[in-house]
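*Asks:* Going line by line, the protein sequences match chains A and B. Quick note on this note's numbering: the first sequence kicks off at 142 and runs consecutively. Quick note on this note's numbering: the second sequence kicks off at 12 and runs consecutively.
Honestly, the hints are just simulated from the structure, not real lab data. Hints are not guaranteed to be accurate.
[To be verified] Restricting the straight-line Cα-Cα distance to at most 30 Å, the calculated cross-link-like pairs of lysine-lysine (DSS-like) are:
1) A:Lys325 x A:Lys310
2) A:Lys385 x A:Lys193
3) A:Lys385 x A:Lys210
4) A:Lys210 x A:Lys193
5) B:Lys223 x A:Lys325
6) A:Lys325 x B:Lys148
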Amino acid sequence: MHLSVAGDLRDPAWRGRVTAAIVFLALLLPAGYLTEFNPATLWGEASLRALKQFLGSFFPPAMSPEFLKLVAEAAWKTVAIATVGTAIAIAIALPTALAATRILSISRIATGRMAALPALVRRAIRWLLIFLRSIPEIVWAMIFVRAVGLGDTAGVMAIGITYGGMLGKVYIEILESADNQSTKVLLQNGAGRLQAFWYAALPVSLPEMMSYTIYRWECAIRASVVMGFVGAGGLGQQMELSMKMLAGAEVLTMLLVFVALVWMADMLSALLRRVFA
Amino acid sequence: MSYAAGAPALNEISLALAPGEQVAIIGPSGAGKSTLLATLACALRPVAGSVQVLGVDPWALPAGELHALRQRLFLAPQLPPLPPRQRVVHAVLAGRLPQWSAWQALRSLIYPADAEIARAALARFRLEDKLFLRCDKLSGGERQRVALARLLASAAELLLLDEPVSSLDPALALNALEVLQGEAGARGATLVVSLHAVDLALAKFPRMIGVKAGRVVFDLPRAQVTDELLADLYGAELNASVQALPDEPSAVLKLSRCT
Numbered sequence: 142m143h144l145s146v147a148g149d150l151r152d153p154a155w156r157g158r159v160t161a162a163i164v165f166l167a168l169l170l171p172a173g174y175l176t177e178f179n180p181a182t183l184w185g186e187a188s189l190r191a192l193k194q195f196l197g198s199f200f201p202p203a204m205s206p207e208f209l210k211l212v213a214e215a216a217w218k219t220v221a222i223a224t225v226g227t228a229i230a231i232a233i234a235l236p237t238a239l240a241a242t243r244i245l246s247i248s249r250i251a252t253g254r255m256a257a258l259p260a261l262v263r264r265a266i267r268w269l270l271i272f273l274r275s276i277p278e279i280v281w282a283m284i285f286v287r288a289v290g291l292g293d294t295a296g297v298m299a300i301g302i303t304y305g306g307m308l309g310k311v312y313i314e315i316l317e318s319a320d321n322q323s324t325k326v327l328l329q330n331g332a333g334r335l336q337a338f339w340y341a342a343l344p345v346s347l348p349e350m351m352s353y354t355i356y357r358w359e360c361a362i363r364a365s366v367v368m369g370f371v372g373a374g375g376l377g378q379q380m381e382l383s384m385k386m387l388a389g390a391e392v393l394t395m396l397l398v399f400v401a402l403v404w405m406a407d408m409l410s411a412l413l414r415r416v417f418a
Numbered sequence: 012m013s014y015a016a017g018a019p020a021l022n023e024i025s026l027a028l029a030p031g032e033q034v035a036i037i038g039p040s041g042a043g044k045s046t047l048l049a050t051l052a053c054a055l056r057p058v059a060g061s062v063q064v065l066g067v068d069p070w071a072l073p074a075g076e077l078h079a080l081r082q083r084l085f086l087a088p089q090l091p092p093l094p095p096r097q098r099v100v101h102a103v104l105a106g107r108l109p110q111w112s113a114w115q116a117l118r119s120l121i122y123p124a125d126a127e128i129a130r131a132a133l134a135r136f137r138l139e140d141k142l143f144l145r146c147d148k149l150s151g152g153e154r155q156r157v158a159l160a161r162l163l164a165s166a167a168e169l170l171l172l173d174e175p176v177s178s179l180d181p182a183l184a185l186n187a188l189e190v191l192q193g194e195a196g197a198r199g200a201t202l203v204v205s206l207h208a209v210d211l212a213l214a215k216f217p218r219m220i221g222v223k224a225g226r227v228v229f230d231l232p233r234a235q236v237t238d239e240l241l242a243d244l245y246g247a248e249l250n251a252s253v254q255a256l257p258d259e260p261s262a263v264l265k266l267s268r269c270t
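Just chain A, with the same shape it has in the complex (with noise of 0.2 Å):
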């Protein structure tokens, strides 16, 4: 008969993680200190009074045929541009990814250490891509809209660069999380680095990337929303002209299409995911 002594059976990580926990929580609190962040004034009797004035005046949403129609090609604008903005970020995003990912590198094979070269450029591309994504698109958006004019052309690109850059981050991320035996396989037997992403990377990772990329078209179609009221284009633009009229039912309307376009996004990533599991 063998008793264990008590202590052996104690978790090890158990420590690490209440510790985790407490930092965490003694980080938050500042946090919330520093926002005056307080659920309780949004009851306040002031607030709740503009707050019904401001939503009451959104009941019933305008239904008007003329104006439906002026939402409807809005919001069609507006799936264009955050679909040319995001296929303009995938095309950042991919060469990027495909440069600056760990996996893909041949010097590293056999030492497990990229070489100083290699192991220089991937991280001048890390920094291109952190430079793209940490100017905010609306920002990018005012710069494009004073290069190129009032209209959609500022908001695609404004999307497709700062899009680019978080696309591009996140699919280094993916290929690298993702288990990259095949890959590394294929490397060792003398393959290409574009041939080992094609045989190996790209089929671990593609729903992964898929769904990353669906997510972030939705999230492009909001952004033209924003960018709309810097004067780039789509639903966005609408949108301020019927607020600056205090139009409540106008804007509560085009929130009802915003609604749908997002539940079509989230629709559309479903059925790819399906597709592609």
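Keeping the supplied structure of chain A fixed, place chain B upon it in accordance with the hints.
*Replies:* Positioned in the frame of chain A, the structure of chain B alone reads:
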């Protein structure tokens, strides 16, 4: 091809393989068989000592030439390296990648370029009906044979296989080994196979290398591999594990059957 000394997992190893030779590596788990194969495949760089693969020292080559050298060898790891969502036809044709340009590789993904090569390779392992299935629809043994069919599709001259038949039943394992040996012979390729099934190694390979604890214990023609040598190769390992588990007599019984 010669090989001397090695990484921490291997020690004071010195061996040479003639072109076209067929060799089995045997030894207990963790002995360094996989490390030895990876070193021969230029997939691991030894800390000390020298390696020559296909007549050259890979680690003296510039990066581009080293990678070109890798195109002439085929290392098959123990676990079949197949992306689950990839279709069998592409998994097999991946063996052609060193012969293809990047553009050809992409085109073949859009429409299989050499489906006939893939089908013929699969047929030799009786898997031709799986050509257009996804790899995750296959059983473990089928996956292992698809990975071997990739070898048939390749043009490599040095074939390094780590436990290539571990998931196959005895009849299939024998058949698969015969296919591989026939292919290596037809190509004039050198074949190095690590095997757990000692009887299979004895039946099929003219030369056996026994590896234990990172060292070559024997390197002999099969006729000279005696029962004592085999008992020693696996046996001392047994004694070690028996000592590690003094309170579990059942383990001794189970393990002693292996000797």
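*Asks:* Now look at each hint and say whether the structure bears it out.
*Replies:* Okay, the hints, checked on the actual structure:
| no. | hint | result |
| --- | --- | --- |
| 1 | A:Lys325 x A:Lys310 | holds (21 Å) |
| 2 | A:Lys385 x A:Lys193 | holds (19 Å) |
| 3 | A:Lys385 x A:Lys210 | holds (20 Å) |
| 4 | A:Lys210 x A:Lys193 | holds (29 Å) |
| 5 | B:Lys223 x A:Lys325 | holds (27 Å) |
| 6 | A:Lys325 x B:Lys148 | holds (23 Å) |
Violation of the numbered hints given earlier is absent; every hint is satisfied by the structure.
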